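What follows is each chain in one-letter form.
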Amino acid sequence: DQQVKQNSPSLSVQEGRISILNCDYTNSMFDYFLWYKKYPAEGPTFLISISSIKDKNEDGRFTVFLNKSAKHLSLHIVPSQPGDSAVYFCAATPSGGYQKVTFGIGTKLQVIP
Amino acid sequence: DTEVTQTPKHLVMGMTNKKSLKCEQHMGHRAMYWYKQKAKKPPELMFVYSYEKLSINESVPSRFSPECPNSSLLNLHLHALQPEDSALYLCASSQEGLNTEAFFGQGTRLTVV
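So the protein lines, in turn, are chains A and B. Quick note on numbering: the first sequence equals residues 1 to 113 in my numbering. Quick note on numbering: the second sequence equals residues 114 to 226 in my numbering.
These are computed hints drawn from the structure, not numbers from a lab. Bear in mind the structure is a predicted one, so any value in this text is a computation, not a measurement. C-beta: ideal position from N, C-alpha, C; glycine also. Keep in mind that a hint or two might mislead.
Said to hold, decoys possible - In the SDA-like style, the derived pairs of lysine to any residue whose C-alpha atoms are separated by at most 25 angstroms in a straight line are:
1) B:Lys151 <-> A:Asp59
2) B:Lys132 <-> B:Lys151
3) A:Lys100 <-> B:Thr213
4) B:Lys154 <-> A:Pro113
5) B:Lys122 <-> A:Tyr39
6) A:Lys56 <-> A:Glu42
To be verified - Some, not all, of what chain B presents toward chain A, calculated at C-beta under 8 angstroms:
7) Gly141
8) Pro174
9) Phe177
10) Ser184
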């Protein structure tokens, strides 16, 4: 039973355009959400996070949007760059969240020069 | 130093062998984790150590035995593994407390033959 779902296994975007990666969750206890980026042969690297008390968090080219009622979050990358090509994992942790993080299956983003 | 270092990078072991995976961080993080990741699957939490004490064991079989000798080191002792245990084993660390991101090592690619 996947509690964090990333339904698009892959995404291709032209350099300079917007990349939108989506994530849905089912567990109402989740209240902190993270995005990790993973290059081949490396461990995941933290990218950006959002608490459930917010609906948007922005860090440079990366913005995460949270829609709690829809149990949906998305990561926007603008403008996309070839170096952004990686696998992006959505992750969630519950209230009082003891770092018991649940990961989605990941979306492979390819940014085409 | 913002690295989590895992050794070895690759390991091939027989089902009767005993081996250990090692993880080290010098960021002063007091929470350390072991994750297991199979191909095309999300990282799955195995163990969490907090202040060198085991705080979460996600019903992991006893053939996996974690150890935290001190605040910088985390080991995973392996004994009598099965071929289905072949996976990428990721170590991570984080600050104690809520809503903090984890720093991951690059993982140990384990093959059980």
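Hints, verified against the model:
no.	hint	in the structure
1	B:Lys151 <-> A:Asp59	violated, 31 angstroms
2	B:Lys132 <-> B:Lys151	holds, 19 angstroms
3	A:Lys100 <-> B:Thr213	holds, 11 angstroms
4	B:Lys154 <-> A:Pro113	violated, 28 angstroms
5	B:Lys122 <-> A:Tyr39	holds, 15 angstroms
6	A:Lys56 <-> A:Glu42	violated, 28 angstroms
7	Gly141	violated, 16 angstroms
8	Pro174	violated, 19 angstroms
9	Phe177	violated, 18 angstroms
10	Ser184	violated, 16 angstroms
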